[in-house]
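S.K.: Residues per chain, in single letters:
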Amino acid sequence: EAQVTQNPRYLITVTGKKLTVTCSQNMNHEYMSWYRQDPGLGLRQIYYSMNVEVTDKGDVPEGYKVSRKEKRNFPLILESPSPNQTSLYFCASWSGNSPLHFGNGTRLTVT
Amino acid sequence: AQRVTQPEKLLSVFKGAPVELKCNYSYSGSPELFWYVQYSRQRLQLLLRHISRESIKGFTADLNKGETSFHLKKPFAQEEDSAMYYCALGGYSGNTPLVFGKGTRLSVIA
Numbered sequence: 001e002a003q004v005t006q007n008p009r010y011l012i013t014v015t016g017k018k019l020t021v022t023c024s025q026n027m028n029h030e031y032m033s034w035y036r037q038d039p040g041l042g043l044r045q046i047y048y049s050m051n052v053e054v055t056d057k058g059d060v061p062e063g064y065k066v067s068r069k070e071k072r073n074f075p076l077i078l079e080s081p082s083p084n085q086t087s088l089y090f091c092a093s094w095s096g097n098s099p100l101h102f103g104n105g106t107r108l109t110v111t
Numbered sequence: 001a002q003r004v005t006q007p008e009k010l011l012s013v014f015k016g017a018p019v020e021l022k023c024n025y026s027y028s029g030s031p032e033l034f035w036y037v038q039y040s041r042q043r044l045q046l047l048l049r050h051i052s053r054e055s056i057k058g059f060t061a062d063l064n065k066g067e068t069s070f071h072l073k074k075p076f077a078q079e080e081d082s083a084m085y086y087c088a089l090g091g092y093s094g095n096t097p098l099v100f101g102k103g104t105r106l107s108v109i110a
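In the order they appear, the protein sequences are chains A and B.
Per our numbering, the first sequence runs over residues 1 to 111.
Per our numbering, the second sequence runs over residues 1 to 110.
If you're looking for bench data, these hints aren't it; they were derived computationally from the structure.
Virtual Cβ for every residue (Gly too), placed ideally from N, Cα, C.
You may find that some hints are simply not true.
To be verified - With a Cα cut of at most 27 Å, we get these calculated BS3-like pairs of lysine-lysine: (1) 71(A) x 57(A); (2) 15(B) x 102(B); (3) 9(B) x 102(B); (4) 18(A) x 57(A); (5) 57(A) x 15(B); (6) 9(B) x 65(A).
Stated by the list, open to error - Label-pair ranges, simulated between beta-carbon atoms: (7) 98(A) x 60(B): 31 to 37 Å; (8) 40(B) x 83(A): 33 to 39 Å; (9) 14(B) x 70(A): 36 to 42 Å; (10) 3(A) x 5(B): 37 to 43 Å.
Stated by the list, open to error - Covered stretches of chain A (in silico footprint by chain B; criterion: 3 or more residues with CB under 8 Å from a CB of chain B, positions within the stretch not fixed): (11) 41 to 51; (12) 98 to 111.
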C-alpha cells in the first residue's frame, strides 16, 4: 500500500531537548516536504526536498533542520525545541504532477 | 510570488443548502490548483485537482483564470462534508512545492 509514514504520532517534550520526527515514503517519490498546521494559520511549509541531498527552506524554516540522505526518508530535526514549535506536523511526498500524499501527522507539545 | 487566499475561516450551512468555499490565487505562471480536505483527526487528502475536471463527493471546482479563482461548490451539503478544506496552488510542471491557503472549516448543521 502506498503510504507516507510519520513517527511518532504524539510527542511531549521539554524546551531544549533535541528531537527527530521521522518520515518515510514507499512510492519512490522525488519530492518530500514538511508542513506545520496551526489554528488560523493553515498549513505552512517548513522545508522541502527535490531529491536526495537537495533540500530548501520553505516559509517557516527557523528552528528546524532536515536531511535527505536516502530517497525514502526525510526526517525533521528540532535541535533545541521551544514552546512556539508546539504544533501538528505533516510530512508529504509527491512526484511530477501527482498530488501530495500526506502522512498521518505528528502532534508535538513542547513545555 | 505564489499566494492562495481563502477569505472565510469558518463557513456554517444547513444540511441540503448549497455550499461555496472561496479560493483566490496569485501566480505568474501556469497554475495548477487543488482542493485538499481534512476530516476530523485524519490526514489531508486530495479532493479535486483542476486538470481532472471531475466531481468528487458531489463537489466541483472550476478554474477561472480571469478572476484568478478556484471556488469549491456543492449544490446540497451533507453532514459528512463537515471538515477543513484547503485550496492549494502549484506550478504546472509539478516540481514547485504547493502553497496552501489558510483553510476554511465547513460545518454542516443538521
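S.K.: Hint by hint, say whether it matches the structure.
M.R.: Now the hints, each set against the structure:
no.: 1; hint: 71(A) x 57(A); result: holds (18 Å)
no.: 2; hint: 15(B) x 102(B); result: holds (24 Å)
no.: 3; hint: 9(B) x 102(B); result: holds (8 Å)
no.: 4; hint: 18(A) x 57(A); result: holds (20 Å)
no.: 5; hint: 57(A) x 15(B); result: violated (42 Å)
no.: 6; hint: 9(B) x 65(A); result: violated (30 Å)
no.: 7; hint: 98(A) x 60(B): 31 to 37 Å; result: violated (21 Å)
no.: 8; hint: 40(B) x 83(A): 33 to 39 Å; result: violated (25 Å)
no.: 9; hint: 14(B) x 70(A): 36 to 42 Å; result: violated (50 Å)
no.: 10; hint: 3(A) x 5(B): 37 to 43 Å; result: violated (31 Å)
no.: 11; hint: 41 to 51; result: holds (count 7)
no.: 12; hint: 98 to 111; result: holds (count 7)
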